[in-house]
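*Asks:* Listed in order, the protein sequences are those of chains A and B. For the first sequence, the numbering used here begins at 31 and goes up steadily by one. For the second sequence, the numbering used here begins at 1073 and goes up steadily by one.
Since the hints were derived computationally from the structure, they do not count as laboratory data. Any given hint could be a false lead.
Claimed, not checked - Per label pair, the in silico range of CB-to-CB distance: (1) R1190/B - T32/A: 43 to 53 Å; (2) R1228/B - N58/A: 39 to 49 Å; (3) G1213/B - V54/A: 26 to 36 Å; (4) R123/A - R1087/B: 14 to 24 Å; (5) E1085/B - Q116/A: 46 to 56 Å.
What the hints assert, rightly or not - Selected chain A positions facing chain B (in silico; Cβ < 7 Å): (6) V40; (7) V54; (8) L57; (9) N58; (10) L82.
All values reported here derive from a predicted model rather than from experimental measurement. For every residue, glycine included, the Cβ atom is placed at its ideal position computed from N, Cα and C.
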Amino acid sequence: MTDEALLELVRRADPVHGVGEPPVALLNRVLASPRSGAVRPRRLSRRRTVLLACAVAAAIVPLTALAAVNHWWFLQTGAGLPRPGQQPTVVTRGSWSGHRWTLVAYPSKHFAGTTNGPNGLCWGVTFSGPAPPSRYGNMFYGGMPHGVDDGMACGSLVGIRKPKPVADLKEVGDPIPTAVVAWSLSAAHGYPSWISGVVVPTATHVAVRWPARKAQPPGILASPPVVVRAATFPARVAGYRVRLFAARLPAELSRHTRTASVTSLPSRISGTNRSGRVVACDWAAGVLPLSSCRP
Amino acid sequence: MDEGSPMTRKQDEARMEALFRRHYRDVAAYVRRRAEPDLVEDVVAETFLVAWRRLDKMPDDARPWLLAVARKTLSTQRRAGARRRSLLSKLAAQPLPQATEAQGDLGVADALARLSERDREAITLVAWDGLSPNEAAVVVGQSAVAFRVRLHRAKRRLRQRIDASSTAHEFTAGELRLTEGELDR
C-alpha cells in the first residue's frame, strides 16, 4: 500500500465532515476582549496543587504517622527493610476477597541490610485492616530484586530497560542493568497469595505463566497451566521510569499447611505494551529473549 | 501590549476578522476531531483570543500557528482536569465509514485508535487536517526533518496495525484476568 493510499484510507475515517459558517458572535466576543494588559496571573494547575500539597504533607507528616495510618509495617523500626529515601507512594489499591491491599513503592536509602549500598526501589503489597500481619510469610523472588523481606522487595533498579540485543540474549549473569521484569511471590496465612513486581515502562500489562503440574504429595494437586494477567501502573517515584503490578494468585498455587507458601515458581513472565506486543520476557532465573514469550 | 491609535485598532480588527473567517473552519475541525463537543467552543474561542492578543506576532502562514495554539489549549484543558474523551477512542467501537468497508479494509479506524497518541497525531495532522509535513511540524513544535521521520514511522506502524488488526489481542485497561481459577478483584 502506498503512502497516499494509506492516507486516503485515514481520510475516509475522518470523524468530522464539514464545519458550519464562522459564528459572528464568537468573532465579536474576540474583538471585544482586551488585547492589552496584563498577563493573567498563572493559576496553579490541579497537578501542581497536588504536588505542592504532597510536598507540604511530606514536610510535616512524619513517616511514623504514615506507618500507623496506612498499616505500613515496613516503616516500623526493626522491619529489616531499607529505610525510605522519601515518603512512600501509593501505586494502586485493590481488594482480594475482602482484604484491602495497597501497592506501595519508595526509593530506599540503602538496601540488603547495608548502610552504604546503592540506592534502590522498594515495592510491595501491604494489607490494611484491624490486624494486618506484620510479616506475610514466605516469599520467592526473581528478576533482580535484592533485600527481599517478607512482603516487600527492593532492588537497585533505576528505570529498568529492555536488553539489547534481545535476539541473542540467553541468560544474564548480572541481571541488574538488563532486567525487564522483577517480581516477588508472597503468601501468608489468612491472606490470598500474590505476585508483585516491576516492569519496563512500556509494558502496560503482564502475564505470568505457570506450567502444568503433576500431583505431588504432600498436598500438592495436579493443575493445568495457569496464566495470571495484571495491569501495570506507573511507579510515581521520582527517577524511576518503571511500572508496577500486583495480582492475586489462584488457590491451586497456594499452600496453607504449617506455613503459607507458594507451591511453584512461574515459568515465564511477559510484559506487553498497549498493542499487545511483548516488550519484556523473564523467567525465574533471568531474562529471556522476547520471542520466548510470544504466543 | 499597546492597543495603539483608533486607526491601528480598526486595522487590527479588520485583519483579525479576515483571519477568523479564513481559518475558523480549520481550527474548529481540528478541535472537534480531538475534543468532546462541549469543549469545542471554548477551545476555539480561546485559540482566537490568543490570536487576537498576539496579532502582531502572527506569522504569514497563520494556520499552523493557530493549530499549535489550539493544541496547547487542548493540552491545558486536559491538564486542568477537563473531561475529554477522544473521538478516536470511540472509533474503534463504532461501525466504520462505508467507504472503508467497501474497500474491504475493516481495520483502519481500529488500527488508528490503537496507535500511540504521538503516532496518531502525526498521521491525522496530515490526513485529516490537510497539513503538509512542514506545517504539521510547526503545530507540534518539531523540526520539519524530525516530523518527517516521525510521520514515516507512524505510517509504518499504522500499516502494521492494519495488517494485524484481525488478529490483534487487546487487553482492557485496568483488567485483571485469570484464565484459570476463580479469582476476583
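*Asks:* State for each hint whether it applies.
*Replies:* Hint-by-hint comparison with the structure:
1. R1190/B - T32/A: 43 to 53 Å: The hinted range 43 to 53 Å is violated for R1190/B and T32/A, with Cβ atoms some 23 Å apart.
2. R1228/B - N58/A: 39 to 49 Å: holds (47 Å)
3. G1213/B - V54/A: 26 to 36 Å: holds (32 Å)
4. R123/A - R1087/B: 14 to 24 Å: violated (55 Å)
5. E1085/B - Q116/A: 46 to 56 Å: Holds - the Cβ-Cβ distance for E1085/B and Q116/A, about 54 Å, lies within 46 to 56 Å.
6. V40: Hint holds; V40/A Cβ to chain B Cβ min 4 Å, cut 7 Å.
7. V54: Interface hint status for V54/A: violated (9 Å vs cutoff 7 Å).
8. L57: holds (5 Å)
9. N58: N58/A check fails; min Cβ-Cβ to chain B is 10 Å, beyond 7 Å.
10. L82: violated (15 Å)
In terms of the numbered hints stated before, the structure departs from hints 1, 4, 7, 9, 10, listed from lowest to highest.
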